[in-house]
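Spelled out, the chains give:
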Amino acid sequence: MAIFRTLLRQVTFQKVLLGTKRSGVISLTNNYSLFPSTFIKGTFIPSEQNKLKESGELQKIAHIPIKPAFNDETSSEFYDPIVRKFTNYIMRKGKKVLARNLLEKTFENVKRIQLEKYNSSSFEAQTEIELNPTVILHQALANCKPVLELMPMRRGGVRYQVPVPIRESRSAFLAARWIIEAAKDKERTIHLPEKLAWELIEASKNQGRAVRRKQELHKQCEANRAYAHYRWS
Amino acid sequence: MRPNIQLLSARAPQNIKKVPFQPILPMALRNKVSGKYDKQTEGGCLYEISLLFACMQKNAFDESLCSHEINNLNVCYSDYLSKRRTRKADQEKGIITPGEKNLTHLQLNKFLKRFPNV
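Protein sequence lines correspond, in order, to chains A and B. All letters in the first sequence, in the order written, are residues 0 to 232 by numbering that gives the first Met the number 0. All letters in the second sequence, in the order written, are residues 0 to 117 by numbering that gives the first Met the number 0.
Pulled out of the complex, with its shape left as it was, chain B reads as follows:
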């Protein structure tokens, strides 16, 4: 009888019992999330800075002609700082509005601590 060519060329399945699976870490998700990627959402004043640079280059670094751009940048920056301050204060207070979809990592961690995974 001719052997089946397809069966010969195929790789034989590994013996499962030969290499037993060892769980090094517990087989469950941790009750913690990292806050590494939370910062990306915050807006900055990059656009205002670029406008200021363009104006300065046009006027040979004479700021008196770029007062509008400077004012815009200062307003943007103080706004950014105040927003950041209020957000931080809210986070420290731990205010969680019920039914909110976008949670920060600190709020998520608070929830996970209260309702652990395992």
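Only chain A is shown next, with the shape it has when bound in the complex:
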């Protein structure tokens, strides 16, 4: 009987080994990029290109294949990486043109609201009012960025909400999503650009629903601070 068991164990062990071999093959093929890993990421921003030229880096990468730029990455003076990203977050079902139009309309509304405030206020108060919609978008996103997040973790059959620090990219994504979700919660008769403009201005002043949502998350994290060590053990 004992011999049987050892034999069985050896056979299953070999099977496990076979499995690892197979999984190794699979993990090599999960790169879905159109371009092989030999291609490097280039830059489309003129100032960075000039920097490469001056430092002599351009000579080194002259014969290395370079991935093309995305079709919405331009060398224009008005190009802004955060605006580009925010457009993509607004986009649903791949309708990029619609998303871009919505954001343009939003910026127009922001400008109109701010100009109205600017013209109706006194000379001293005018210096306080920001008129650039891109700056307002940046400010709004910065104000909504969370520092921590709650992550459910199972310990001893119980799910604990564990506060964990998050990366910069995740934090930026959450901020954008909260602003867009706040803007989408509206009456049917109000258009998205109107509400989104209002939400952006509110968030840039550290008010509004998205900022409140961030503060609520931080309060929940604080309430669950006793479980914070589960992230590191």
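Since the hints were derived computationally from the structure, they do not count as laboratory data. Certain hints may be false.
SDA-like mimics (lysine to any residue), calculated; alpha carbons at most 25 Å apart, straight line [what the hints assert, rightly or not]:
no., chain 1, residue 1, chain 2, residue 2
1, A, Lys84, A, Arg169
2, A, Lys144, B, Leu64
3, A, Lys144, B, Asn71
The following label-pair restraints were derived from C-beta to C-beta distances [said to hold, decoys possible]:
no., chain 1, residue 1, chain 2, residue 2, range
4, A, His190, B, Ser49, 43 to 49 Å
5, A, Ile63, B, Lys109, 33 to 39 Å
6, B, Ser81, A, Arg187, 47 to 53 Å
7, A, Thr133, B, Lys109, 53 to 59 Å
8, A, Leu57, B, Lys100, 46 to 52 Å
9, B, Lys109, A, Pro35, 28 to 34 Å
In this text, all values refer to a predicted model and were calculated from it rather than measured experimentally. C-beta atoms are modelled at their ideal positions from N, C-alpha and C, and glycine is treated no differently.
With chain A held as given, fit chain B onto it using these hints.
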């Protein structure tokens, strides 16, 4: 003759032949160690998080007053992630420096596979 009291009260030794020993598993150590307790050594950012919570409670959840703590936490976390990434890459490469005392479970398993116990 009086019987020895100590001998009477003592338990008689068991007959060894009555219950023969049967080895259910092979009588040798396995050529494998588990990596279950390797994770305990890695450092975290628990201290930074607790400092941030203390600051936030003091300032009624206004992060603009805790920018120093937030920055510290972000630096600590990115450092932790990069360290973990490099360690994982080294393990996958299987680099073993000769004469090293602290081996990971993967390195130990590699050695045990090369020099089995039996």
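Results for each hint:
1. Between Lys84/A and Arg169/A the alpha-carbon distance is near 13 Å, which keeps this suggested pair within the 25 Å criterion.
2. Between Lys144/A and Leu64/B, the direct Cα distance comes to roughly 15 Å. Compliance with the 25 Å bound is thereby established for this hinted pair.
3. Using a Cα cut-off of 25 Å, the hinted pair Lys144/A and Asn71/B holds, with the two alpha carbons roughly 16 Å apart.
4. The beta-carbon spacing between His190/A and Ser49/B, approximately 46 Å, falls within the hinted interval of 43 to 49 Å.
5. Evaluation of the 33 to 39 Å hint for Ile63/A and Lys109/B yields a pass: the beta carbon distance comes to about 35 Å.
6. Our hint of 47 to 53 Å for Ser81/B and Arg187/A holds, since their Cβ atoms are close to 48 Å apart.
7. The given range of 53 to 59 Å is respected by Thr133/A and Lys109/B, whose C-beta atoms sit roughly 55 Å from each other.
8. Take Leu57/A and Lys100/B: their Cβ atoms lie about 47 Å apart, and the range 46 to 52 Å holds.
9. Between Lys109/B and Pro35/A, the C-beta spacing of about 31 Å keeps the proposed range 28 to 34 Å intact.
This entry satisfies every hint, going by the numbered hints stated previously.
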